[in-house]
Amino acid sequence: MIENKDAYTWNSMISSYVRNGHFRESLNCLNEMLSTADVKPDFYTFPPVLKACNSIIDGVRIHCWASKLGLEWDVFVAASLVHMYCRFQSSGVAFRIFKDMPYRDMGCWNAMISGFCQNGNATEALSLLDEMRLEGIKMDTVTIAVVLPICAQLGDIVHGLPIHLYVIKHGLELDVFVSNALINMYARFGELRHAQKVFDDMMVVRDLVSWNSLIAAYEQNNVPEKALKYFQEMMINGIQPDLLTLVSLASSIAQTKSFRCCRSVHGFVLRRSWIQEDVIMGNAVVDMYAKLGLIHCSRKVFDEIPIKDVVSWNSMITGYAQNGLASEAIEIYNMMKECDDIEPNQGTWVSILPAYAHLGALQEGTRTHGHVFKVALNLDVFVSTSLIDHYGKCGKLDEAMLLFHEVPRMSSVPWNAIISCHGIHGNGRVSLKLFNDMLNAGVKPDHVTFLSLLAACSHSGLIDEGKTYFHMMEQEFGIKPVLKHYGCMVDLLARAGGLETAYQFIKNMPLQPDASVWGALLGACRVHGNVELGKLASDNLFEVDPENVGYYVVLSNIYANYGKWEGVNEVRSLARDKGLKKTPGWSSIDLSNKIEVFYTGNQSHPQCHEIYEELGILTAKIKTLGYTPDYTFVLQDVEDDEKEQILTSHSERLAIAYGILNTLPKSPLRIYKNLRVCGDCHNVTKLISKITEREIIVRDSNRFHHFKNGVCSCGDYW
17 MIENKDAYTW NSMISSYVRN GHFRESLNCL NEMLSTADVK PDFYTFPPVL
67 KACNSIIDGV RIHCWASKLG LEWDVFVAAS LVHMYCRFQS SGVAFRIFKD
117 MPYRDMGCWN AMISGFCQNG NATEALSLLD EMRLEGIKMD TVTIAVVLPI
167 CAQLGDIVHG LPIHLYVIKH GLELDVFVSN ALINMYARFG ELRHAQKVFD
217 DMMVVRDLVS WNSLIAAYEQ NNVPEKALKY FQEMMINGIQ PDLLTLVSLA
267 SSIAQTKSFR CCRSVHGFVL RRSWIQEDVI MGNAVVDMYA KLGLIHCSRK
317 VFDEIPIKDV VSWNSMITGY AQNGLASEAI EIYNMMKECD DIEPNQGTWV
367 SILPAYAHLG ALQEGTRTHG HVFKVALNLD VFVSTSLIDH YGKCGKLDEA
417 MLLFHEVPRM SSVPWNAIIS CHGIHGNGRV SLKLFNDMLN AGVKPDHVTF
467 LSLLAACSHS GLIDEGKTYF HMMEQEFGIK PVLKHYGCMV DLLARAGGLE
517 TAYQFIKNMP LQPDASVWGA LLGACRVHGN VELGKLASDN LFEVDPENVG
567 YYVVLSNIYA NYGKWEGVNE VRSLARDKGL KKTPGWSSID LSNKIEVFYT
617 GNQSHPQCHE IYEELGILTA KIKTLGYTPD YTFVLQDVED DEKEQILTSH
667 SERLAIAYGI LNTLPKSPLR IYKNLRVCGD CHNVTKLISK ITEREIIVRD
717 SNRFHHFKNG VCSCGDYW
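Per the working numbering, residue 17 is the first one in the sequence shown, and the count goes up by one each step.
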């Protein structure tokens, strides 16, 4: 027990409490010191205790004491005050203190620049850096390690490159924090060669963060093979991975579609109990399984996360939505809304809106738009783009265009969305005009832009224009086509009837064709009835994607159209042997805030009797207009009267009849179908639109059809 304590004794005790994380005790110690008349705090007292503040109220009280004792402008006390206010998101107060300081050392400048960064004021941080350098103060390693991430965040290579030159000129490249920051900066710029060079020059000073930075650089720039290579090299060098290493590794494995490795990563994480200890790791594993299509594993891990954050929920919603399970995505979102401690954020809206669009849940999407507007995220480029996509896919193209004109259009993201929306509605010429408007606005197209353009050309039969844009993307914009672009080109050529041209195009491809390429050819063979080429395409599909039942169904349909029932039985038997089941056809209609779903041949709906009765009346009326059932779209070997019954019970007809029974006369109907509309239903819907004087909007798996006055917007080209 020290009886006569001086300032040094009190300061030592306060500092010890802070260093050991006993912040409340350090504040109590300061209060006791202030209540003692014998000794007063000095400029050594305040810097450590300001770090211990649990709230800005504590900080302001200590600031008042420092000011009362005339210590506010001591360089160490002032720098600590700047740190404290920035920690509590009061960078404005911190900056006033900084500007009023009679003398500022390197630590003060670093404190204020760092404070701006912590508060999301990246532009102000760079402006302050310029001011510092104008005053002749040189950057040190702390300044550089703070500023480089800002350059990366802003995409500001103009500031970033000179700082790297400064690092080399002043021999700072051997500082591990500086080099790690350089790797991260170049990774954000997509300059992997420079990131690799910095890493290679770090032979002496590499730490775990250096390895993590390089692995993350390759993972974030879609070079997962290199990320996995450096992970293995890191292990060989005796560096043990941490949680952040595994987060990057999980994402890399998802990109490479390595099902074997994903189990290894999950096992590694389980042995260390990281899912229970850290939600970030749990989220990464949920995301990994979802991207690999192992959605049941993803859900199992999600359920095991003890304390979920908003990212956990967003990851699960996105996982379901991206795997075509829109109803499950909406179910998870509804569960999330019941959690009092979880608030939806930008990622939530971007995840749930595609699920609503998939089901055609217009009312739910519109309600979400209201929530987005309420939290002032309606002009966020990613949220607004999701809304544009939602309205476009729900048949509300006018609303999509209105929203497009309201949002910032400096990046390609909203342009891509609206070009794609017009494409699936068959407005190919409008998509091409929008692309020209985009170029005139100085916005650079990306690979998604050209995917949207090529798909728009395909839906509208713009063959020459499609060829032009395919060559333009590499020749004028340096964008190398990937398999999806080649798949669009095959679809464009084959859909227009150029099956042999499309097949020659596939044979001359510099890349190995995947399922999207062969699938496009197979779909066109069904439309144009080319059995031989359809068989060739399906044989290749059974090799590259043998578990996709859709390809077996298409080949079976091609055989059935030509009455080749032996071929039908052979293909169906092959699918059965693999344990594959055909996806049932369904159509939905959104009425009175409720989505009604109808399956082909549905007999269980409460209005079943009225629906079939209405269909009988409609069929009789359209027959007077010359309608004759097209039995080639019945894929069963049965009698003609049974074939007509099968056609009548197709899911889209049930949904249309239900809509007619439950809406006002002449009001529009919006139908959503999970499969392609058959030719007979297409003809029937045209005639129903005429006799009922309704616009009937049908979105199938391919595109939109706007039926009005007996005509379809697709021009019978789909």
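Just so you know, these hints were derived from the structure itself, not from any lab.
On a predicted model such as this, the values are computed, not experimentally measured, just so you know.
Careful, some of the hints might be misleading.
What the hints assert, rightly or not - PhoX-like, lysine-lysine: derived pairs with alpha carbons at most 25 Å apart: (1) LYS500 - LYS460; (2) LYS242 - LYS213; (3) LYS273 - LYS21; (4) LYS185 - LYS245; (5) LYS84 - LYS67; (6) LYS412 - LYS449; (7) LYS682 - LYS639; (8) LYS639 - LYS610; (9) LYS598 - LYS523; (10) LYS551 - LYS580; (11) LYS390 - LYS353; (12) LYS500 - LYS523; (13) LYS551 - LYS496; (14) LYS597 - LYS637; (15) LYS637 - LYS659; (16) LYS706 - LYS412; (17) LYS213 - LYS273; (18) LYS637 - LYS580; (19) LYS597 - LYS580; (20) LYS56 - LYS84; (21) LYS637 - LYS610; (22) LYS706 - LYS724; (23) LYS242 - LYS273; (24) LYS682 - LYS659; (25) LYS637 - LYS594; (26) LYS639 - LYS724; (27) LYS580 - LYS483; (28) LYS610 - LYS551; (29) LYS598 - LYS551; (30) LYS659 - LYS412; (31) LYS412 - LYS610; (32) LYS610 - LYS580; (33) LYS483 - LYS500; (34) LYS551 - LYS637; (35) LYS353 - LYS324.
Hint by hint, here is what the structure shows:
About 20 Å separates the Cα atoms of LYS500 and LYS460, which keeps this hinted pair within 25 Å; it holds. Proximity of LYS242 to LYS213 is assessed by CA-CA distance (about 14 Å); at most 25 Å being required, the pair is judged to hold. Restraint check for LYS273 and LYS21: the C-alpha separation of about 66 Å exceeds 25 Å, so the hint is violated. Annotation: proposed proximity of LYS185 to LYS245 is violated, straight-line Cα distance about 32 Å (limit 25 Å).
In summary, the hint linking LYS84 to LYS67 is supported, as the alpha carbons are separated by about 20 Å, within the 25 Å threshold. The straight-line distance between the Cα atoms of LYS412 and LYS449 is roughly 20 Å, inside the 25 Å bound, and the hint therefore holds. Distance restraint check for LYS682 and LYS639: the Cα-Cα separation of roughly 21 Å lies within the 25 Å cut-off, and the hinted pair is therefore satisfied. With a CA separation close to 33 Å, the supplied pair LYS639 and LYS610 exceeds the 25 Å bound.
In summary, the hint linking LYS598 to LYS523 is not supported, as the alpha carbons are separated by about 30 Å, beyond the 25 Å threshold. A C-alpha spacing of about 13 Å is found between LYS551 and LYS580, which places the hinted pair at or below 25 Å, so the restraint holds. Proximity of LYS390 to LYS353 is assessed by CA-CA distance (about 16 Å); at most 25 Å being required, the pair is judged to hold. Restraint check for LYS500 and LYS523: satisfied, since their Cα atoms lie roughly 16 Å apart, inside the 25 Å limit.
Note on LYS551 and LYS496: the hinted pairing is violated, with a Cα-Cα distance of about 30 Å set against a maximum of 25 Å. As the CA atoms of LYS597 and LYS637 are separated by approximately 37 Å, the hinted pair breaks the 25 Å bound. At roughly 19 Å between alpha-carbon atoms, LYS637 and LYS659 fall within 25 Å of each other, so this suggested pair holds. This hinted pair checks out: LYS706 and LYS412 have alpha carbons roughly 21 Å apart, not beyond 25 Å.
The hinted pair formed by LYS213 and LYS273 fails the criterion: a straight-line CA distance of about 28 Å is larger than 25 Å. As the CA atoms of LYS637 and LYS580 are separated by approximately 33 Å, the hinted pair breaks the 25 Å bound. Taking the CA atoms of LYS597 and LYS580, the gap is about 21 Å. The hint holds against a cut of 25 Å. For a cut-off of 25 Å, the pair hint linking LYS56 to LYS84 stands: about 11 Å separates their Cα positions.
Of the pairs offered as hints, the one joining LYS637 and LYS610 is violated, with about 30 Å between alpha carbons and a cut-off of 25 Å exceeded. Restraint check: the Cα-Cα separation between LYS706 and LYS724 comes to about 7 Å, which is no more than 25 Å; the hinted pair holds. For the hint linking LYS242 to LYS273, the alpha-carbon distance of about 15 Å falls within 25 Å, and the restraint holds. About 30 Å separates the Cα atoms of LYS682 and LYS659, which puts this hinted pair outside 25 Å; it is violated.
Between LYS637 and LYS594 the alpha-carbon distance is near 45 Å, which puts this suggested pair outside the 25 Å criterion. For the hint linking LYS639 to LYS724, the alpha-carbon distance of about 18 Å falls within 25 Å, and the restraint holds. Proximity of LYS580 to LYS483 is assessed by CA-CA distance (about 36 Å); at most 25 Å being required, the pair is judged violated. Taking the CA atoms of LYS610 and LYS551, the gap is near 42 Å; set against the 25 Å cutoff, the hint is violated.
With a C-alpha separation of about 19 Å, the suggested pairing of LYS598 with LYS551 holds against the 25 Å cut-off. Distance hint between LYS659 and LYS412 is unfulfilled; the C-alpha atoms sit about 35 Å from each other, more than 25 Å. For the hint pairing LYS412 with LYS610, the CA-to-CA distance comes to about 18 Å; that is within 25 Å, so the pair holds. The straight-line distance between the Cα atoms of LYS610 and LYS580 is roughly 42 Å, outside the 25 Å bound, and the hint therefore fails.
A hinted pair counts as satisfied when its Cα atoms are at most 25 Å apart, and LYS483 with LYS500 qualifies at roughly 15 Å. For the hint pairing LYS551 with LYS637, the CA-to-CA distance comes to about 40 Å; that exceeds 25 Å, so the pair is violated. With a CA separation close to 13 Å, the supplied pair LYS353 and LYS324 stays within the 25 Å bound.
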